[in-house]
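Participant: Listed below are the residues making up each chain.
There are 2 protein chains.
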Amino acid sequence: MEKLNITKRTKVKRLPKRASYERNEIYKILDDSFICHIGFKIDGQVNVIPTLYGRKDDMILIHGSNKSRMLKSFASSEDICISVTIIDGIVLARSAFHHSVNYRSVVLFGKPIEVLGNDEKAKSLEAIMEHIIPGRWNEARKPYEKELSITSVFSFKINEASAKFREGGPVDEKEDLELDIWAGILPIKSAFKEPLKDIILKKSINIPGYIGNYLDRKNKNN
Amino acid sequence: MEKLNITKRTKVKRLPKRASYERNEIYKILDDSFICHIGFKIDGQVNVIPTLYGRKDDMILIHGSNKSRMLKSFASSEDICISVTIIDGIVLARSAFHHSVNYRSVVLFGKPIEVLGNDEKAKSLEAIMEHIIPGRWNEARKPYEKELSITSVFSFKINEASAKFREGGPVDEKEDLELDIWAGILPIKSAFKEPLKDIILKKSINIPGYIGNYLDRKNKNN
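From first to last, the protein sequence lines are chains A and B.
Each step along the first sequence adds one to the number in my numbering, with nothing skipped, and position 56 is 56.
Each step along the second sequence adds one to the number in my numbering, with nothing skipped, and position 19 is 241.
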């Protein structure tokens with residue numbers, strides 16, 4: 001188990017018992033999602049934009065149009081902040097005060113490093129797609145050079161990061177336990193429904209096995 | 223239909239046809255979620271933290287411990303950024319390049335306004351709880367003065383905000399349509415599972431009707 005260095009920025013001050021700096025625990029949360037919220041500055045103003053990501057080894061990879069204001073700002077950016085959050089349930093305590101949510105989250109600070117060259121960009125895009133749906137890259141029509149040339153890709157080293165989580169039931173004051181108030185957890189899961197094929201999909205094409213397996217695995221893990 | 227003023231910060235430059243500044247459309251997205259990501263600065267460094275929120279009229283309300291670094295920073299804060307994102311599906315195109323996600327999102331800029339006084343704070347906490355689970359505030363044990371006194375509450379006017387969304391199937395290049403590649407949407411829904419009652423809940427307490435109704439409604443809307 002490798003523990004990341006705790007810095008002033010990543011040290012969890014509120015409820016530190018719910019924090020972790022273990023690389024494996026951080027990876028596990030990152031691997032269970034594919035949407036992050038990135039905080040960055042434009043003309044000094046904080047912006048927060050949702051973005052797809054993939055994790056490959058000790059890197060988070062993101063991509064977008066080379067016209068994106070966010071990605072253009074990364075060229076001259078200080079450290080930005082990436083936040084990944086998975087909500088597992090609403091915790092209903094007897095007292096309003098002790099209501100909470102169960103969640104797993106990661107907050108990461110780091111400098112955007114641009115991935116340059118079409119070969120390297122294609123490899124990063126493959127890693128992002130394989131993070132989201134393993135097997136998809138192999139089937140999809142690969143990017144043309146001109147598509148790669150208008151795509152920007154950035155990587156972030158997973159060095160300065162922390163995980164935070166809450167699990168389990170409500171924790172009420174002792175004096176509230178005898179109240180006639182329902183208490184417990186309303187578990188929330190992100191579930192995949194039946195795939196909808198493109199209305200102009202050729203009739204001969206069936207849904208590939210890797211997608212079926214992916215949906216089964218995702219829905220079972222939930 | 224009231225349209226918000228478009229500012230330099232809220233004007234959607236990438237794919238503006240997917241943007242909206244209609245107050246009602248922004249409210250609809252805000253009302254379908256209860257988790258936002260807040261971007262703010264501490265010593266100049268951008269931080270992004272996930273937080274529960276409620277919408278009441280033209281305000282977003284958030285709360286937390288008065289020891290929270292984020293909330294303490296709001297006392298002297300410039301405009302911060304609030305981002306709310308709902309993911310509706312993964313869009314698989316034939317080409318890697320045209321893969322996408324279906325989503326609904328809101329980005330809002332505004333100055334944190336502290337809610338002062340225990341009566342006003344209690345009203346705001348009620349609004350947050352009623353946003354998340356209508357009916358819960360009525361059942362829960364209301365906050366004591368001492369609980370209110372260690373809770374900070376902030377509001378944000380919904381004045382400078384934009385919505386952005388994508389819906390529908392993949393949009394491929396014409397020349398790719400004949401490829402033998404599956405294309406379509408993998409719809410994602412946030413679903414509530416069976417409630418888990420607190421293991422020390424008094425045996426005589428059944429789950430209240432408003433919770434059952436809430437779960438039915440949420441799962442049906444999905």
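Quick caveat, the hints were computed from the structure, so don't treat them as lab data.
A couple of the hints might just be wrong.
[Stated by the list, open to error] Heads up, simulated EDC-like pairs for lysine to aspartate or glutamate below, C-alpha to C-alpha not over 16 Å straight-line:
hint: 1; chain 1: B; residue 1: K411; chain 2: A; residue 2: D180
hint: 2; chain 1: B; residue 1: K419; chain 2: A; residue 2: D172
hint: 3; chain 1: A; residue 1: K72; chain 2: A; residue 2: D32
hint: 4; chain 1: B; residue 1: K424; chain 2: A; residue 2: E178
hint: 5; chain 1: B; residue 1: K364; chain 2: A; residue 2: D79
hint: 6; chain 1: B; residue 1: K411; chain 2: A; residue 2: E194
hint: 7; chain 1: B; residue 1: K419; chain 2: A; residue 2: D32
hint: 8; chain 1: A; residue 1: K56; chain 2: A; residue 2: D32
hint: 9; chain 1: B; residue 1: K263; chain 2: A; residue 2: D172
Only a predicted model underlies this, so the values are computations on that prediction, with no experimental measurement involved.
Participant: All hints, please: hold or fail.
Facilitator: Hints, verified against the model:
1. B/K411 <-> A/D180: violated (33 Å)
2. B/K419 <-> A/D172: holds (14 Å)
3. A/K72 <-> A/D32: violated (28 Å)
4. B/K424 <-> A/E178: holds (7 Å)
5. B/K364 <-> A/D79: Violated - the C-alpha atoms of A/D79 and B/K364 are around 42 Å apart, more than 16 Å.
6. B/K411 <-> A/E194: Between B/K411 and A/E194 the Cα gap is close to 11 Å, so the pair holds against 16 Å.
7. B/K419 <-> A/D32: Since the Cα atoms of B/K419 and A/D32 sit roughly 26 Å apart, the hinted pair is violated (cutoff 16 Å).
8. A/K56 <-> A/D32: Given that 16 Å is the threshold and the Cα spacing comes to 13 Å, the pair holds.
9. B/K263 <-> A/D172: Given that 16 Å is the threshold and the Cα spacing comes to 33 Å, the pair is violated.
Hints 1, 3, 5, 7, 9 from the earlier list are contradicted by this structure; the remaining hints agree with it.
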